[in-house]
Structures are given as C-alpha cells and as structure tokens.
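As given, the protein sequences belong to chains A and B, one line each in that order.
Quick note on numbering: the first sequence equals residues 1 to 114 in the numbering used here.
Quick note on numbering: the second sequence equals residues 1 to 111 in the numbering used here.
Mixed in with the good hints, there may be bad ones.
List of simulated lysine-lysine pairs, BS3-like, C-alpha gap at most 30 angstroms [stated by the list, open to error]:
hint	chain 1	residue 1	chain 2	residue 2
1	A	LYS78	B	LYS68
2	B	LYS54	B	LYS71
3	B	LYS56	B	LYS5
4	A	LYS68	B	LYS98
5	B	LYS98	B	LYS56
6	B	LYS54	B	LYS68
7	B	LYS56	B	LYS68
8	B	LYS98	B	LYS54
9	A	LYS24	B	LYS71
Partial selection, computed: residues in chain A whose CB lies under 7 angstroms from chain B [said to hold, decoys possible]:
hint	residue
10	GLY42
11	LEU45
12	LEU46
13	TYR48
14	PRO61
15	PHE65
16	PHE91
17	THR98
18	GLY99
19	LEU100
20	GLY102
21	GLY106
22	SER107
If you're looking for bench data, these hints aren't it; they were derived computationally from the structure.
Predicted model only: the values in this text are computed from it and were never measured.
Where is the CB? At the ideal position from N, CA and C, for every residue including glycine.
Residues per chain, in single letters:
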Amino acid sequence: DAGVIQSPRHEVTEMGQEVTLRCKPISGHDYLFWYRQTMMRGLELLIYFNNNVPIDDSGMPEDRFSAKMPNASFSTLKIQPSEPRDSAVYFCASSFGTGLRGYTFGSGTRLTVV
Amino acid sequence: DQQVKQNSPSLSVQEGRISILNCDYTNSMFDYFLWYKKYPAEGPTFLISISSIKDKNEDGRFTVFLNKSAKHLSLHIVPSQPGDSAVYFCAASPRDDKIIFGKGTRLHILP
Chain A
1 DAGVIQSPRH EVTEMGQEVT LRCKPISGHD YLFWYRQTMM RGLELLIYFN
51 NNVPIDDSGM PEDRFSAKMP NASFSTLKIQ PSEPRDSAVY FCASSFGTGL
101 RGYTFGSGTR LTVV
Chain B
1 DQQVKQNSPS LSVQEGRISI LNCDYTNSMF DYFLWYKKYP AEGPTFLISI
51 SSIKDKNEDG RFTVFLNKSA KHLSLHIVPS QPGDSAVYFC AASPRDDKII
101 FGKGTRLHIL P
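With the rest of the complex left out, here is chain A (with noise of 0.2 angstroms):
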C-alpha cells in the first residue's frame, strides 16, 4: 500500500482565495482524520470521520473550515476565506479502528497564505 496521500505538498494561495486539501486514506482503514501542526499548537485535531460519516468537528476553528469524505478512499479540507493565521502544516492520518495500533499520518501539505 502507498500509505497515506495528501496533496499538494506544498500550497502558497493569497488572502481571501479558497484553499482545498486532498487525502486518500489507505484502502481498508475505516477511520480518518485531519490535523493541523502549528508552533504554538502543536498537533491539533480538526475533525476525523468514521466509516466516511464526521464523528467530531469540535476542533475545526471557525466557519472557514470544511471537511467532507464522500467516499472511503477520499477526503477534503477547505478553507474560504484563507487567512495568514491558516499558515500550517496540515496532516491527514487513517487507521483501522482505534487504539494501540495509532495512526498512519500522511506526508503533509504546508500552507501558506500570503
């Protein structure tokens, strides 16, 4: 399996445009989630779903932010408007259920809002 997949890995975008990010969980894994890794915040989770449906968006900062997962094999992030204070880097993870086994964490996508 080829893990993880975010895309881009890179994403340089103006105040005021919409921002999407891409994952593609690994075949079979039935949970999903988005984090977010700041200085000052460390790793912090924005949503995660489960078995597509969001379970808990208590972490998604404001209105701005949406995460949709229509099927099992894909998921979105968006940002509108983006704001320089969105400046992170973003990681989307998968796992089969929950517990010891963790999370698989995908590479990354560093945003930056100019």
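Given the structure of chain A, go ahead and fit chain B onto it with the hints provided.
Below, chain B without anything else, positioned relative to chain A:
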C-alpha cells in the same frame, strides 16, 4: 487546557547514551498512550504504545514506562543513535476515541 504535556521543547544527548523523554497527562480516562517520531518534511510515524493496564512496554531500543498514579509516562531510547534525532510526540486516547497529542520534544543526538 492541555491534556497531554511535554514540558521539554528540546533535549540533547550524546550518541550511545540513554535518551529519556517525558510526558505528563491530566485525563484519568486515557486508556492508550503512544509515542510518535517525526522527521522534517514528513508525517509523524508511530513508534510504540502502551495500554493503561501495563506499566512497561519494550520494543528493541525503545521502552515506554507508565506511572498512572503520577499521570506520567516516559520513553527511553538505549543506546541513542544519530538517526534518533527527530521530534517525538507523546499522545494519549480514551478507549474508542481520538488521539490527543502533546506539543513535541526535539531530540538532538550529538556525535
């Protein structure tokens, strides 16, 4: 409120010596504790985990110790090698729920 705390942002250890990374938590409902390792420009990778019913788990050079009464866990790396230089995240989760991460500790292995 930070439920998982790594109070040392960085740590330097001589190659061949023991590296000890520490982590404290506040939520007594955590069932699972995990350590992740992260290299620059890569995603975190799972390293080792421990269940709350145990106090020690060992995997090669890596050992995790759990002290539930103190709400403290630690990761020991023996002996430390240059490839161990990375950021280490402590993480925890209740049963059947999301993993919460600490802010990480950057480990430097000195030649």
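* **Structure versus earlier hints, numbers of those that do not hold, lowest first** => 1, 9, 12, 14 and 15
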